[in-house]
Amino acid sequence: MIGTPPARLEADEVGRWFGEVMAIGRCSLAVGGGVIGLLGQNGAGKTTLFKLLAGLITPSRGQVRLDGLVLRDHVGLFRRIGFCPESDALPGWLTGREFLAMLARLAGVPRERVRPRVAELLERFELTAAANRRLGGYSKGMRQKLKLAQAVAHDPDILFLDEPLNGMDPQSRLEAIAAIRRLGREGRTVLVSSHILPEVEQMTQNIVLIHRGKVLAEGDVAEIRDLIPEHPTVVALRCERPRELAAFLVRQDHVAGVECEGRDRVVVRTEHALAFYRALPGQLLAAGQAVEEIHTLDDNLESVFSYLTDDSQGGAR
Amino acid sequence: MPVHERGYTHWRPTGLRPDPVWWVIARRGWTGAWRHRWTLLLLFVAWVPAVVKGAIIFVKAKAGQLLELAVGGQWTSITPSGFLAFLEGQRFFVFLFTMILGAGLIARDRRDNGLALYFSRPLGLADYLLGKTLVVIGGYLAVTLAPVLLLCLFAYLIDPGATGVELLLVTPLRALLFCSLTGAGLSLVLLALSSLATRTVLIVVWWAVLCLGGEMVGAIGEGIGLAGLQYANVLGHWHNAGSLLMGAEPRLPVPPLASLALCALAVIAALAILRARIRPVEVVS
Chain S
1 MIGTPPARLE ADEVGRWFGE VMAIGRCSLA VGGGVIGLLG QNGAGKTTLF KLLAGLITPS
61 RGQVRLDGLV LRDHVGLFRR IGFCPESDAL PGWLTGREFL AMLARLAGVP RERVRPRVAE
121 LLERFELTAA ANRRLGGYSK GMRQKLKLAQ AVAHDPDILF LDEPLNGMDP QSRLEAIAAI
181 RRLGREGRTV LVSSHILPEV EQMTQNIVLI HRGKVLAEGD VAEIRDLIPE HPTVVALRCE
241 RPRELAAFLV RQDHVAGVEC EGRDRVVVRT EHALAFYRAL PGQLLAAGQA VEEIHTLDDN
301 LESVFSYLTD DSQGGAR
Chain E
1 MPVHERGYTH WRPTGLRPDP VWWVIARRGW TGAWRHRWTL LLLFVAWVPA VVKGAIIFVK
61 AKAGQLLELA VGGQWTSITP SGFLAFLEGQ RFFVFLFTMI LGAGLIARDR RDNGLALYFS
121 RPLGLADYLL GKTLVVIGGY LAVTLAPVLL LCLFAYLIDP GATGVELLLV TPLRALLFCS
181 LTGAGLSLVL LALSSLATRT VLIVVWWAVL CLGGEMVGAI GEGIGLAGLQ YANVLGHWHN
241 AGSLLMGAEP RLPVPPLASL ALCALAVIAA LAILRARIRP VEVVS
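Protein chains in written order, with my numbering: chain S, 1 to 317; chain E, 1 to 285.
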């Protein structure tokens, strides 16, 4: 990070109702610096929370603050915000260059700087060749790139990217993921909303999980995983003598179950992952068991998401 | 999208002054509308009455009876009343230009994600409305105030003694005030309609019904002697209320103050609709 501390965005018991429908209940969270994935199933309230945090919707209760100032009360704060909407509907009668120039000027980029800035963005997002074409003729992927370009046009401190990878080809996705990670490393606060978990996982391990209008979990994926006691952590160990290792492990503390898979793999379930991991090296050493690889199978985002939102387990935890 | 390493520092004022956001919105609207050749052609046609009036003024001046001759009736007069009659005669072009410039202004933004993009920038509802209103007012003034001012100047130049300061200052000021207020009022009403739908064609129909339909009902009322039907004459009320400002005879068989009240009500209703409808929430079609 260069220069000043990252922008800090805080939601203080924010809620939003549409008539009698509660889209977001009391929701409190604080984010600052780096990439944060905002996850939720369809209808979970993800988009509403996203717009509340971006200051596009007035909360029915609570407040959203950017560096201590209430976002909705200080229009000037929006100069520090970049927003990439989910919908790819764009004004078809404008050219790419005109679109970027207008939004850069609206965001406060001085007239003298608009032209070089737009040229730089067009080049950066590989849209120079299509710059003077009307947006009506842009492909979905080009529109997506243009939306990202307008979001960063004024060098905002905090970025809201709603499903930013929709419609992009695989190569562009990889590049966009890299670009988003880099934005986070640079010290910006980047909130990314997505329903494609592996993509979010490539961008960040830091997530906010929304379910039925409430924040279910917030923080590092692995840490959140450790806080789910109902589902034992599943660990895979690769070794030369799996049956022998399985027989050994089943006698150890913190082990809830052991299975042999294939010719070189043992899968262990433990309810106390941290204690298990601490004790495991010493136990293996004492028993003379050689293990080539240890790999946790379910501390990935998808498993955490699934555990936390599994309605059969009573819904939100 | 190649990955470029870029240095990044948090935003700080640059010392360069950005344009006001309402000006950016208005400029974008004008640029978009006036780049069509047919809009320019229509503007040219809208100026034909002014050219005709100018020619008549010239002929009258040469005949030495600028004020006395009544060629073309009140329409060709260089009195405030005559200019109000001229503005009234421009109402079809007013309908056309406001429709072309304003019908889709908010509807398109609602349809194309514009509101979310606009309001994620440092601008408020007032900035947005001012910018959009100026787009429509620009078209309105181009076919009303601009010819009136030029005609005043032209009439003064060809015969300075005709009405003197009245023609050079007072009439243009009255016209400026009337056109600005009427232009702003009509723009707000049209923008309110534009905020009610996402399909421009619907707003065009509503605007036509309001302007031309009202005019037709008024004309029918006049034909069958039912003065009450004149209350439906939407554009007529603006000119009728304008008679107070221009010091002219009422244009409708309705008290000008009643017309003024109706116009004020229309503006208040339009503002209420705009306030309720313009929200920075995406419309996904």
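Certain hints may be false.
Listed next, with one range per pair, are the computed distances between beta-carbon atoms [claimed, not checked]: (1) Ala276(E) - Ala30(S): 30 to 38 Å; (2) Ser60(S) - Val201(E): 29 to 37 Å; (3) His36(E) - Asp73(S): 34 to 42 Å; (4) Gly43(S) - Ala258(E): 45 to 53 Å; (5) Val70(S) - Arg35(E): 39 to 47 Å; (6) Arg185(S) - Arg35(E): 39 to 47 Å; (7) Arg26(S) - Leu41(E): 20 to 28 Å.
Residues from chain S that face chain E, not an exhaustive set, calculated with beta carbons under 8 Å [unchecked claim]: (8) Gly76; (9) Phe78; (10) Ile81; (11) Pro85; (12) Ser87; (13) Ala89; (14) Leu90; (15) Pro91; (16) Gly92; (17) Arg105; (18) Leu106; (19) Gly108; (20) Pro110; (21) Arg111.
Sample of chain E residues with no beta-carbon within 10 Å of chain S, all distances over it, derived [said to hold, decoys possible]: (22) Ala63; (23) Tyr118; (24) Leu149; (25) Leu212.
These aren't lab readings, by the way, just hints derived from the structure by calculation. All C-beta atoms, glycine included, are put in the ideal place defined by N, C-alpha and C.
Original post:
What are the numbers of the hints the structure violates, in ascending order?
Top reply: 7 and 23
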